[in-house]
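K.L.:
Got chain E sorted already, so can you dock chain X onto it with the hints?
Chains as they are written, first to last, in this note's numbering: chain E, 1 to 499; chain X, 1 to 499.
By construction, these hints were calculated from the structure, which means they are not laboratory data.
Note: identical chains are not told apart, hence a pair may lie in one copy or across any two.
Below are the DSS-like pairs computed for lysine-lysine, each with C-alpha atoms no more than 25 Å apart in a straight line:
(1) K231 to K201
(2) K278 to K201
(3) K201 to K281
(4) K56 to K368
(5) K114 to K398
(6) K340 to K252
(7) K187 to K231
(8) K368 to K231
Given the structure is predicted, the values throughout are model-derived calculations rather than measurements.
Chain residues, written in single-letter form:
Protein chains: 2
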Amino acid sequence: MLQKQKTTKKIVSQQLPLILGKRAFGNIPKTPLKPLEGEFEKPEIITSTIPGPIGKRLIEDLGRIQEIRTIHFLVDFDRSFGNYVVDSDGNVLLDVFCHISSLPLGYNHPSMIKALRTRDAVQLAAHRPALGSLPNVSWGPKLHETLMKVAPEGLTRVFTCANGSEANENAYKTACMWYVNQRRGNKPFTDEEIQSCMLNKPPGTPSLSILSFEKAFHGRTLGALSTTRSKPIHKLDVPAFDWPVAPFPQLKYPLDQFVKENAEEEARCLSRTEEIIKSNKIPVAGMIIEPIQAEGGDRHASPDFFRKLRKIARDNGVAFIVDEVQTGVAATGNFWAFQKWGLDDQPDIVTFSKKSQIAGFFHREEYKMTAPYRNYNTWMGDPLRLLQFEVILNEINKDDQAMLRNVNITGNYLQDSLKELAKKYPHLMKDVRGDGTFIAFDSPTVETRNSIVNAIKLNGVELGACGDQSIRFRPSLVFAPKHASQFLDIFESTISKLK
Amino acid sequence: MLQKQKTTKKIVSQQLPLILGKRAFGNIPKTPLKPLEGEFEKPEIITSTIPGPIGKRLIEDLGRIQEIRTIHFLVDFDRSFGNYVVDSDGNVLLDVFCHISSLPLGYNHPSMIKALRTRDAVQLAAHRPALGSLPNVSWGPKLHETLMKVAPEGLTRVFTCANGSEANENAYKTACMWYVNQRRGNKPFTDEEIQSCMLNKPPGTPSLSILSFEKAFHGRTLGALSTTRSKPIHKLDVPAFDWPVAPFPQLKYPLDQFVKENAEEEARCLSRTEEIIKSNKIPVAGMIIEPIQAEGGDRHASPDFFRKLRKIARDNGVAFIVDEVQTGVAATGNFWAFQKWGLDDQPDIVTFSKKSQIAGFFHREEYKMTAPYRNYNTWMGDPLRLLQFEVILNEINKDDQAMLRNVNITGNYLQDSLKELAKKYPHLMKDVRGDGTFIAFDSPTVETRNSIVNAIKLNGVELGACGDQSIRFRPSLVFAPKHASQFLDIFESTISKLK
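Just chain E, same shape as in the assembly (with noise of 0.2 Å):
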């Protein structure tokens, strides 16, 4: 097996143009959340390139059985810790990115690897029970004790499965059999229905459709991948249900300077939401949105616009369902993302993974199944990831909630100062906008953005791409204001470098 690189404490320092305690970026704010105790100080980089020479060796032994080009680096978690990931190569480097945003405590964080060490965690990872005809005794009130206290009101019912494409197509089932039931006026199905959907034919497998937005994400299995419109890779080649997709606003920066031009843009994004489903030749019976459209390069719109387009939903009998994979569980600031939007009539479903570990959705009453194994699967979920979605819903409602305090405090200092090097560095970067830590920035051309983010990992930060030329912010609910200020030096030691 492999010999570890022990990390030495000498930095090249060419390397590492970092300047702490210029502290470029005002003061920094204080935070309720307590330190993390022996989290590395900062950044070290040993190598000259990332991966070293160690992860190299073994990425190349990985490319003869698996695809190669799609990895950054290979970690090291015995070594990371706290907002600090370790390298192969024994590099340190602050961790703004976080595993595509599912990692919500950081690395070994002490409570998780308390929960994880449990006779309980080792039975659970040991056997993985048939969920939906074999649960673990556990499994019921660890429900109730968990994912429903944080139920979006009136989303009485939850299913669990394994990621966010499952989810959410297990949402698009959700929507498709409430959507059918109602208009066979809740009878037994007919014969007909029985036999054609045996041959994939209607009625019984019937042409309905999911509508979704421009840029979306919504998955990668071929019913998700029929609503995902983020890039063409994902794509090309692969059946795809003949399903429409309608415009997303696209908001003009700073917000309170287009302030006619993005409600205009956002009325025209509505009405054509309204025309594609009155109009449309397959029935919509249910439509997906991101608060957040995270993978389509941090896109937002207003509360105001989806408060319209959920009542849009109602009005044509469309399930509203909100795709919380990236945005939920307190990065926005809120524990869910649309949270914020103020709604009075909540979403039909709210489907969620990632940082939640345990994946699936919340529905409401009225979208329970009308007989058994409808919707059911081998394993349904997994208790493992219900038992780490405890330890991290009991860390974000410690000391009365001093982790969303810190994502908020964390995150308006963080954006704030990326807005001042936005001013100082237009050519660079542009349109700074978030909510919480989920912060986003565009550069002026995908070369720039890639740029950036191969430069400020040899810096020692690493730092997520998203969209056509969106760098975003996907750090762990335990990154403070310090790391902030941290990334910030950093940061601007990196592109003040380039052109």
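P.N.:
Relative to chain E, chain X alone:
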């Protein structure tokens, strides 16, 4: 929380007509597999219903938030061991269903528990890496040491993911990408393809199909479900791709009495399959088939059928996908069930999940992605589940594959004994069939089948149903002749009381 009820040794005698030691089924064969120390000696049923009162209360409570009509009982993992599952009320049942074939080493196998208590396992559980971009350092070496050691010949690469549905969905995408790329002459995507795919239109999202077989089961997400043909309740009201279905042989038993009829039936199915491929209005890019149709009722076909089918796929340029989700990992007496076919020309893609814990598919070199991010998702599997697969593989390989030999010895004994019983109780059971311990028989009606499954549960056996009137055996790989003997005693005692 729950107060656990202590298992009492007192058995409600009228509930358990167990005649251990009677040895109605000849000499119990010897197995090379070492017995599990500390396993229960026999089932113990202490409540008059299953679920008992504790289970009923908990299930009712779960029913407020999830579907419960599909629940058999609640599992107490802490007290279950080996082949015996303990429920919420302290009942001990011999488990020959094993969470729909997904528990290869039974409950609390010492090697599995030991492995999951290690620092490595706890850290892999704590962090779900984005494996496509930021894999853990040991990911590549572990893949080489585990999955690649059992990769079918010529299938040099592996794609990992969450479960069987996702494995098949990604296999379909891979087949379609391969199919289109060939026709495109390995040239870059055209502008028309790039633009049309974002609207879910051809040529970018092409009109292509995946052929599957009557009674097939390949999963529940929309792509997978379009190939699933086992039961209407899985498909009703859910949109499906207009993909073709071919007949699967309906063999007559006993096989040696229907050689000619069965050969004709297989020839008919093959000929019809080729006809569909040649004439289907939507081109067939791939076909998928289970070595034994499991959910559809344990339907078998001969090795000759599969060899000819593979040739049809090859001759017509159709990707040949074998779904080993339920049949894989040693239960049929070969590591992969399809190995029994004696193919000269291996499948193009083989999918796996369930017993392997880690899911995914093996594929040939020529099915490699032509560009990064074509098949990708956030988690792309789970290194914790790969660690479990390593434990399972080590156990299978111990003592010159004693576990695999055990499966064959136990399976033959169980199947022969069931055939004897079928002669004695022809009004209750027929068509005993199987490979290894992957065995099934049919009841004359769905009602009889359900009576047997329900009655035997109260006598201490958890048994599975499949198809319309089949009973399936899906025990763990530690199910030994003595367990089979115990099962047979309870089984005969149960059915002898049925009409």
